[in-house]
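Assemble chain B onto chain A, guided by the hints.
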Amino acid sequence: MERSSGAEWNGRGLFDQNGQLLGYQGVGRDITSLRAAEEKLREKEMQLAHLSRVAALGEMVAGISHEINQPLAAIANFSSAMNLLLDRETLDADAIEKMNLWASRISTQTDRINKIIQRLRRFGRPGSVRESFQICDAIREALFVTETRTRFAVDHIFVQVPETLPAVFADRIQIEQVLVNLIRNSCDAMEGMPGGTRRLDIDVTVSEDFVSIQVRDSGSGISADFASHIFDPFVTSRKEGLGIGLAISRSIVEAHGGEIKAITDQQCGLFQFTLPTSELSQDEQ
Amino acid sequence: MNNDPVIYIVDDDADARESSCALVTEMALRVESFASAEQFLAAYRGYRPACLLTDHRMLGMTGVELLEKLRRSDISLSVIVMTAYPETELTVRAIKSGAVTLIEKPFTNAALWKAIHDALSEDRTQFASESQIRRIRERLQSLTAAETEVLNLIVKGETNKAIAFQLEISIRTVESRRSSIFEKMGVSSVAELVQLVMTAAKLR
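Protein chains in written order, with the working numbering: chain A, 1 to 285; chain B, 286 to 489.
Where hints are given, some of them may not hold.
Said to hold, decoys possible - Here are a few chain A residues that face chain B, going by a calculated C-beta distance under 7 angstroms: (1) 7; (2) 69; (3) 78; (4) 84; (5) 86.
Claimed, not checked - Covered stretches of chain B (in silico footprint by chain A; criterion: 3 or more residues with CB under 8 angstroms from a CB of chain A, positions within the stretch not fixed): (6) 292-306; (7) 392-403.
Think of the hints as simulated: they come from the structure by calculation, not from any bench.
We put the CB at the ideal spot given by N, CA and C, even for glycine.
Okay, chain A solo, but in the shape it has when bound (with noise of 0.2 angstroms):
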């Protein structure tokens, strides 16, 4: 039997009261089973985690049909208004300087769908591949990625990142989409709020091998109550939840070697999450 196939053996040496060498005993299990089950949960929490990016995505299709739609309607307009002045008997430099005014209008127009396209097509990849990083790279992405959302639900955005920070090692896609769930799951507690005191607030700090990310919002909070279960699959506070958002995020952030928690008994909502450093993770490796 080949060991990679799937079987964990056990060696030892028999000896008597005198200490002398009676034989050997070999035990050999075939873990084959074992391993495809692990192997299955992990394909499934991958899954998982792209199913809950997918269902982020239909949430924001409302978001994103608009952000397209603008600058198509804009090519639109303007190529609209070129046909009615070719339309015109006689062009004259004026008609032609607007043309060309319009023409590279247009051609900006493209490059803002361009923009939209590409981060959509990186954030709905599925899989896995680990990079250095910096986190405030993923926090921005990650706020670009919920703005159609937040432009609505938060009045005020602070992110608070210290000067200097260490690379952090992980799945980039993977740690954007806790923020992003964090980032939606503030929006939901400030809903109802009035405009004007809806704050949401990313601070990063390091601490020794860790970088600490803190999502926090102005809700009312999270009761230790609600707490304790707050991380585990189809808990939600929200009607159309899913309930997987937070389930993920921990999944995402365990494999990571890192910690999350919700910090209780706050005048706020707030979400704390952790991630070894590149240095950390690399010497591990």
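Relative to the frame of chain A, chain B by itself:
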């Protein structure tokens, strides 16, 4: 230039707004544009004929909220709502508040032209009937209290005799007030008079 219609464009997306302005200007129409509903409200002085072309999803007040606000302030300006993401709920709300139409971004030149054309013709009709109502109300206000009393009873279909009895005045007095009412209101029959009173009551 004085009675040319004005198209007000409200959109918080600079590219979308400026492109709409370029297109409407090429349609040989006068355009004034604003980056938010609030800016439009602060600047609008009630000019007619006009129509408002507003995006829905904007920072601050949305397009439909702007429409609802105009209606609450008794401004019947024709409104076209543009939306980059059509939703049934939004359409229902907009039409209920009296939007002329909803157009989906991106739209064709022909769709915009038709929407503007419909909005302007509705605005003209609406404005004409409002002016007529205003004229009738002015005339009604020119009546004396005693004449108004008689008018209310005429409209109810009472005869001169019944009116005289009810108001405890002579038939001759009723007749004289009646002719004064007809003259001030510019009508020659009870039927016409009733029609005017009904038209004046139409709004509100």
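Outcome of the hint check:
1. 7: violated (57 angstroms)
2. 69: Holds: closest Cβ of chain B sits about 3 angstroms from residue 69/A, inside 7 angstroms.
3. 78: Status holds, d = 5 angstroms.
4. 84: With a closest approach of 4 angstroms, the residue 84/A hint holds.
5. 86: Nearest chain B Cβ about 10 angstroms off; hint violated.
6. 292-306: holds (count 6)
7. 392-403: Holds, because 4 residues of the segment 392-403 of chain B bring their Cβ atoms closer than 8 angstroms to Cβ atoms of chain A.
The structure fails hints 1 and 5 (numbered hints given earlier, in ascending order).
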